[in-house]
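**Student:** The listed protein sequences correspond, in order, to chains L and Y. Take 58 as the starting number for the first sequence in this note's numbering and just add one per residue. Take -13 as the starting number for the second sequence in this note's numbering and just add one per residue.
One should not assume that every hint holds.
[Unchecked claim] Label-pair distances were calculated between CB atoms; the ranges are:
no. : chain 1 : residue 1 : chain 2 : residue 2 : range
1   : L       : PRO120    : Y       : TYR75     : 43 to 49 angstroms
2   : L       : THR295    : Y       : THR185    : 53 to 59 angstroms
3   : Y       : ALA170    : L       : LYS89     : 55 to 61 angstroms
4   : Y       : ALA130    : L       : GLY340    : 54 to 60 angstroms
5   : L       : ALA122    : Y       : ARG11     : 40 to 46 angstroms
6   : Y       : PRO300    : L       : ASP87     : 30 to 36 angstroms
7   : L       : ARG254    : Y       : ILE(-10)  : 57 to 63 angstroms
8   : Y       : SER250    : L       : GLY371    : 44 to 50 angstroms
9   : L       : ALA122    : Y       : ILE(-10)  : 31 to 37 angstroms
10  : L       : ASP257    : Y       : ARG11     : 48 to 54 angstroms
11  : Y       : ARG11     : L       : ALA104    : 58 to 64 angstroms
12  : Y       : GLU174    : L       : GLY300    : 26 to 32 angstroms
13  : L       : GLY300    : Y       : THR185    : 51 to 57 angstroms
14  : L       : GLY300    : Y       : PRO300    : 27 to 33 angstroms
[What the hints assert, rightly or not] So the derived list for chain Y, only partly shown, Cβ under 10 angstroms to chain L, looks like this:
no. : residue
15  : MET259
16  : ILE261
17  : ALA265
18  : LEU276
19  : ALA283
20  : GLU360
To be clear, the hints were calculated from the coordinates, so they are not data collected in a lab. C-beta atoms are modelled at their ideal positions from N, C-alpha and C, and glycine is treated no differently.
The primary structure of each chain is shown beneath.
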Amino acid sequence: MSAALSGEDRAESIRMIRDSAAAVAPTGGDMKRVRDLRFQTPGFDPAVLRQMGEMGWIGLRLPEAAGGAGLGLGEACALAEELGGALVPEPLIPAMLSASLLAAVGAGPLERVVSGEALVLTAWQERPDTLEVPGSPDAPRRFLPMAAGAAVFLLPVREGGRIALYEQQAGAGLATEQTQDGGHLGTLEPNLGSATRIADDIGEALSLALDEAALLTSAYLLGGMDRAFAMTLDYLKTRQQFGKIIGTFQALQHKAADVRMQIALTRASIEAAAATLDAGATGDARRAVISRAKARAASSSMLVTRECIQLHGGIGYTDQYDVGLYLRKAMVMANLYGSAALHRRRFMATSPEIEE
Amino acid sequence: MDAIRIPAPAELDALDDEHFRQVVRAFLHENYPDDLRNPPKRLHWDENRPWYMKLAERGWLCPGWPKEHGGLGLSPAKQIILTEEYERYGVARTNDHGIVMLGPLVIKYGTEEQKQRFLPKILTGEHIWCQGYSEPNAGSDLAALRTEAVLDGDEYVVNGQKIWTTLATDANWIFLLVRTDRQAKKQEGISFLLVDMKTPGITVRPIINLEMHDEFCEVFFDNVRVPKENLVGQLNKGWDMAKALLGFERIFLGSPRQSGYALSRLKLLAERMGIWEDAEFQDRYARLRLEFEDLKALYGTFVEKLKRGESLGPDVSMLKILQTELFQAITDTMLEIGGENAGLLEPMEGNRDLNIGGLFIQARPATIYGGSNEIQRNILSKNVLGLPG
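Here chain Y stands alone, though its shape is the one from the complex (with noise of 0.2 angstroms):
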């Protein structure tokens, strides 16, 4: 690769589109360790943690965040660039809960105080946040939340459970939707709240998952009292807050990257099994191509409004839905062509990135997570169509 030099953090923003792009390129070549690439399963906090510093060390953590707060201020344009070369360079997710949603939270709604506290323990590593959302009565319907928070004295009392905690186990602090009102109408008793993992009475216990991997946990909460300066923004304001966050990053649900890669793997396997020149396999393969690469070309339509600055509305809903179903398509056809290596928990012999069954059901919880798809169809039915509640 040719020597591109890699300019000062504050200098990115500035930069073009293209020269961006070969920059990023130029970045991961020199920094991503080589082993972590394409990883089969989210990587935890002791394996992700020598790139989460090195993004840390270069000043290259916090892309979406402005300059003064110790980000790289970049623009929705340039951080889908980045995003698109960190997916095609297979890097792993790191623990980024703080880096993308506690983080551009405070920033929006904290106090200079709580920006001062918590922002640069972020930057550094040292604080490594989880999102305690989701409840086992509060998934698709989160707004029925039932965690409470009392205040008493100075302190809340925090007591209920979270489950689907993302990397609970590696957090030293969560940041929580937790019912302030009880009276009120559901989505206005909401606040949100910062508890660290330390406090007395926090229970995390893994779960183990279709992947058999303990990504999710739960997380119980016994009489935590949590200091009341570790509520962001106002009183019973949590709901609106959590989803004005919700900006433009919804599009990367819907990247088609993760099709893209599962496709690779569906032709490797089909040629593996001697079927890849067979007329009907032809056909689905072809189907489920081109099902990709409209849906690449839809979703560039939602980067180009990003570009010019617009934002993005509700019929962003459709590319998660359709990325997350024909991802699930390919496996499908992957699982029903592989024969008994279908069945296999390791890869298959002489293939270390063929692992059907991995894949399949790596697949599965796209459809559920991030907002089912049920729920984005009703997003679409509701909010696009105008169709009557």
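So that you can see chain L by itself, here it is in the shape it has in the complex (with noise of 0.2 angstroms):
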């Protein structure tokens, strides 16, 4: 388990994840990718998302006894960056998942998940900003991101006190909504009759793959942040108004600097709680530092792709410059997995006190 590596082989590892990572995310690429995806069904290239199967990335968390690549959250993450600056549409986040919770339960459609062979999306949301699964039977499953590109649901229910495992075959009771990011969600109605039953009890294992994915988000609005705040200072290097570089003026010389110290944070938080985690941290340990990441993720994401349009000027609010491309992404992903607010909610309910 890559969680046992020294710390110069570990930094090795995540620097072979990030360059394994312009496979699909080529460092410097351009977006026409990306923009002929948008508002397109399913709005991503299942090409794609086999190829990440293939790279090993659906599994990057599972054992290697479970087809996995045995990595670390610290590698999970880096990953994540490298294709949030590129804006990459696969779910992968979503995929991986629904791989961790099969591989959990040891049963269902895993090796059809890691491979990327079919999109498999866990249908545990019930309402807006929540982390939450009360597993209604009946109840409509909302924010499915992608869904209409998927080939299997995956339906937590609760039964008595544990929360069993459903496996619905896509198909009929489908609905899906646009996003801002060329994207969509979907919402699912469950149908149990025709579903199959492969576990009893995944409440655990889902509370722990939804943590994961929020702090694996976190470091996808960090990649775009970084990328975003790349191309803003390009620009403030380059243009010229009143005669001069824009990049002289000190009012928006000391706007840069801000955003560069909310990305700074952003790292370290982020940082810190992958190695939290790889370091074998468990319940509300866990829970403190991944609201930690994603609160302070969401929130600066936000902040730094808004600034980002305003130190560009006009040419920031058109459609064709890819910064725009950057905001409407953290618009969409920071509220993913629990907005900030959440996020500091848990945060105050799972680590009460400063340590000393």
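Got two chains here, each in a separate frame; can you build the complex from them with the hints?
**Tutor:** Here you go:
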């Protein structure tokens, strides 16, 4: 298990993951692919999802015995960050969530998920801005990312004191709404009559998988804000007004410095959370660091992308210019797996005292 | 506390980090005066002298100096641990300009004669130093300083004025940045000069600050004659030397400890005011807590760098900005929720260490000293982000 790697080996392992991300998210690559997939169905390229499976990304966190790569959250966050920088639309994080769940129970279409052959989504959510899983048998399951491309849904259903898991094939009962980033969110009507019951008790596994998804979403957002800011810095260094490079203006310099600090705090927060989990933290200790990271990433991604638009001026408000893509992505991702406000509350509940 | 043996000073740098931390804790427990923990104001020499002399006597006074000059020869990593433990214990700052600034400068740039003459007297507490850098028209723009030293025979004649000189009334020596070449570019005509405060022509005048404390002073120089052997390093190289001395200690300006202490006061106050459980207050508190926790994580990444033996880059400015602005935001919140208590001059009734107004005012200069936060943002934009001048 990579969590046991020494500092240097760890850094090397993370570097390798970052390099491998270039297969899907080439450094300095253009946004043509991303733009072409916007507002289309299913909004991502199934061939790229399969490629992610072949690269071992969907099973990155799974133990090797379950067909995974056995890597830590440090590596997973680095990967998500790279993909966020390139605004990769394939729903890797939801696929990883489903893979974790299936690997934990040792049942269901695990191999199809991990290979990327099929998009399998876990339909856990019943209302906005929550991490709670009521598991109501009949309640519509909401906010399923890229649901139009899913082949299978996994439904948590409360049975007595436990949460069982059902596998429902895609088909009828799905409605979708478009999102600001050009993707969509689905609502699924459960049909337990036609579904297969595959596990008895997934409560713990699901709560861990949701936490990890929240952290990976934070890392994806970090990649996006970092890249949006890099574009903005380039612009500040070339654009001229009043006969001067606008980056010489102190008002803009100080705004840029503030943005840089937000990004540094976000990175520190995410890396601390990943390291804490990789070191084996559980329970409230786990929830507290994840909530810290997600609260930070959600609020700073909005702040950073907003400021990037402002620092660009009029060009930043055009759809043709790429910086706006980062704002629209942040608008969607910032609130997935819990908003900043939700995570602030959860942080206070799980970490009431300052540690000395 | 378990009895931990405190090794001889020369052995400290060889301990492993965790053991060293325990030794520092035991040392403080054994030696630090209880009534000086977490003082609300910067202490004067007559107040912190017993602690200074205790450190001197035990050989712990100069953690960063090499052993051959009477220091502990500690690595940056161990100096950070030492500082963390001092902060945790609420140890007051001493009159430490000789220890932190002048000593290292003389060790690096001084002649053998200067080392023999000045270093031992810092170690015995005989020389208490203050720092004469800022001037009325050279604050953030320090290189614009105008206090002049003109060579006349074997002596420099110094004329001018310094300001914000911390604890100058306690000091018997002052180190100065002085202009020695009016024609050169402003950074290139500055030299470093050591002056005995008893020399005729020096006047010290305390300034009462917003804390109603006389920590800062003005120091006036009227034809003050200074032997030319008191010049340190090369003539007109004072600016570079002073800058080169800004080492890893810059990280301490960004230590989150002050904000951590302020947060604990904020919580105590909210409980006293009966609003701790209030949802609106909880969200405000959570935001500040999260700022604190993430700053701690960011601070930790810089500490790790130092422990790996790397030096700090200009991005360390981030820590100073974030820490001081958070400290202010926390004390702002205290003022807003404290009601009439916020305006009291003394601590709140029944809470000796809950002085809302005092903490609020203490937080004010943090964004000004050590390079104002605006200057720090300039440093970030130019030296980290590469934005044009």
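**Student:** Decide, hint by hint, whether the structure agrees.
**Tutor:** Here's how the hints hold up against the structure:
no. : hint                                      : in the structure
1   : PRO120/L / TYR75/Y: 43 to 49 angstroms    : holds, 45 angstroms
2   : THR295/L / THR185/Y: 53 to 59 angstroms   : holds, 56 angstroms
3   : ALA170/Y / LYS89/L: 55 to 61 angstroms    : holds, 56 angstroms
4   : ALA130/Y / GLY340/L: 54 to 60 angstroms   : holds, 57 angstroms
5   : ALA122/L / ARG11/Y: 40 to 46 angstroms    : holds, 45 angstroms
6   : PRO300/Y / ASP87/L: 30 to 36 angstroms    : holds, 33 angstroms
7   : ARG254/L / ILE(-10)/Y: 57 to 63 angstroms : holds, 60 angstroms
8   : SER250/Y / GLY371/L: 44 to 50 angstroms   : holds, 47 angstroms
9   : ALA122/L / ILE(-10)/Y: 31 to 37 angstroms : violated, 46 angstroms
10  : ASP257/L / ARG11/Y: 48 to 54 angstroms    : holds, 50 angstroms
11  : ARG11/Y / ALA104/L: 58 to 64 angstroms    : holds, 60 angstroms
12  : GLU174/Y / GLY300/L: 26 to 32 angstroms   : holds, 31 angstroms
13  : GLY300/L / THR185/Y: 51 to 57 angstroms   : holds, 53 angstroms
14  : GLY300/L / PRO300/Y: 27 to 33 angstroms   : holds, 28 angstroms
15  : MET259                                    : violated, 18 angstroms
16  : ILE261                                    : violated, 14 angstroms
17  : ALA265                                    : holds, 9 angstroms
18  : LEU276                                    : holds, 6 angstroms
19  : ALA283                                    : holds, 4 angstroms
20  : GLU360                                    : holds, 7 angstroms
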